[in-house]
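Protein sequence lines correspond, in order, to chains A and B.
Per the numbering used here, the very first residue in the first sequence carries number 38; after that it's consecutive.
Per the numbering used here, the very first residue in the second sequence carries number -1; after that it's consecutive.
Hints listed in this document are in silico derivations from the structure and should not be mistaken for laboratory results.
If you're wondering where the values come from, they're calculated on a predicted model, not measured in any experiment.
Yeah, the Cβ is synthetic: ideal placement off N, Cα and C, and Gly gets one too.
It cannot be assumed that every hint is accurate.
Okay, derived cross-link-like pairs now, DSBU-like style, lysine-lysine, Cα gap no bigger than 35 Å in a straight line [as the list claims (entries may be wrong)]:
id, chain 1, residue 1, chain 2, residue 2
1, B, 44, A, 202
2, B, 159, A, 201
3, A, 201, A, 160
4, A, 160, B, 44
Away from chain A, derived, C-beta distances all over 12 Å, residues of chain B [to be verified]:
id, residue
5, 47
6, 97
7, 101
8, 134
9, 145
10, 147
11, 166
12, 167
13, 217
14, 241
15, 340
Chain B side only, calculated, beta carbon under 7 Å to chain A, not exhaustive [said to hold, decoys possible]:
id, residue
16, 22
17, 26
18, 28
19, 30
20, 44
21, 49
22, 230
23, 324
24, 327
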Amino acid sequence: MPRRESGHGSGRDPSAREVFEVLVRENADRTMIYIRSITRGAAEADDVFQESMLVAFRRLGDFDRSRPFGPWVRGIAARVALARARRAAQQPIIDPSLLDAVSSQMTQWDAIDRIDFESVLQKLRACMDALTRDQQECVQLAYRQDIPMREVAAALGANEETIKKRLQRARASLAECLRAHGALA
Amino acid sequence: MNDQPQDFPDAPVAHDADDAHAPEHALIRGLIAHDPSAAAHDRRMKALHAALAQDSVESTRALRFSLERWAPIALAAAALIALALFVPQRETSAREQWDALARSEGAAGSARSANGTTMVERWALTLFPPAIHEDRPPLSGTLEVLDDTHFLVTLTMPDGKVVTFARDGDTVWHSDRTDFVSFQIPRGKGFPAPVWLAQRDGTLLVGALGSMLERFDSRYAIAEVADSTQPGLRCLEAVRAVDGDQLPTAARLWVDGDDHVQRMEVEWDGPARGAAGARDPRDRRGDRAPPPPSPAMPGGAPGRMLGGALGGVPAGAPSRMVLERAGAVELAPGRFSAPANARPSMVPPPPDRSRS
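Required output: the full structure, derived from the provided sequences and hints.
Put into structure tokens, the structure is as follows:
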């Protein structure tokens, strides 16, 4: 049985790695939000994040330092997510144009730093508090806890179509609320 | 893992391209689903740090990445992060690592509390059918576990019905595919200790991860093995080295840089196959024999999760069980409790009309 060698990869410039980690750390939250937007479930999102960051590190020489890091790494994440979806033969496949559109939506937050981005999340929490109780339950179970739709429906004693409608209305309400608070363009 | 489109119908799939609001709604979904906690952030960064450290692919393009052009503040931050994330060389043996994980995960199972909120570990669970029925689809579901005596398993049967199996202290209950809910009180000390084991009679027992890991004792040879299927995670493998038809043949753990088990696979096979290295661990299908007959479990089975009466699934132990960590959820009051309509298990269930 082959043993995996422990320790650091030989020859890698440690400074490049450290700076890369700084960039990732600064952008990790927003990158994960993007990945959660385009994937199904937390485990899948974590896998896409890790794989994307490894790809990004290997391609670091291609990164144009005059441009922001966020969109570049989101482009890599989109390709990784698509490739994984194809490998898993998920039907229907994720729509590539939609991935770009979501990434474009995120550019509004690229210019703000990690600390300021926390205020966006605080506004989201305030907006969620304004949802109806039914919507809050759906959002909590389906999005926060990653519970499959049919289980959410069973847990709340409603059919799946009702749950989908509630989630759709919740998302629309949240978008409107975030816009009113200046957190969404 | 539950990742079928119908389970997450608002995921960004092809038809959403016609919806002008789809990108914004996808983004809102990502905002909500994202875990912004510092713990999640640190876990992710440490896993990445470990993955980068072991990435042996030399990239000359990465070397062109000139540190000199970055602002001094980035250098200072890099130094701080390097200090914070410094991981010492792993010198402990695989056995020591396994035992340490058993201790740490065992402690974690009952101590997930922050700000007065108790958190419950959540795992995505996949059970693969017995070898003699390996053409059948795997069953997927979830496991929520607080400790050895508080957990809840849901499994989606091939017909879409969801069955539940749970333990709340001394009470074990389950709901079958007819929505009939029954419970039983374990017979004192005769009740088998709950561990993550699938018995040969088709009964699945679950519990805290630490308890499960403790079962892979000196009867197993443990080694750290090369595995690239889970980037950023190291893999430990326990292979059964003694005879024991009821024992799992092998188990594999994928562990992150923070020493948290992120994924676990347990296999049941034919007779003991010897020590580590006797067989390629990826060859999971080649030499499996039909499961042998098994004596009834002492104390009564708490739930025949794979029994035909519960879901049209062939009886018998799964050939493989996969658990993937899916985060933690806040413990809701009564989460593990039997529903009010639960009946003693001696009361026969109502007729299953769907089978007539």
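Hint by hint, where does the structure go against what was stated? Just the numbers, ascending. Those not satisfied are hints 1, 5 and 20.
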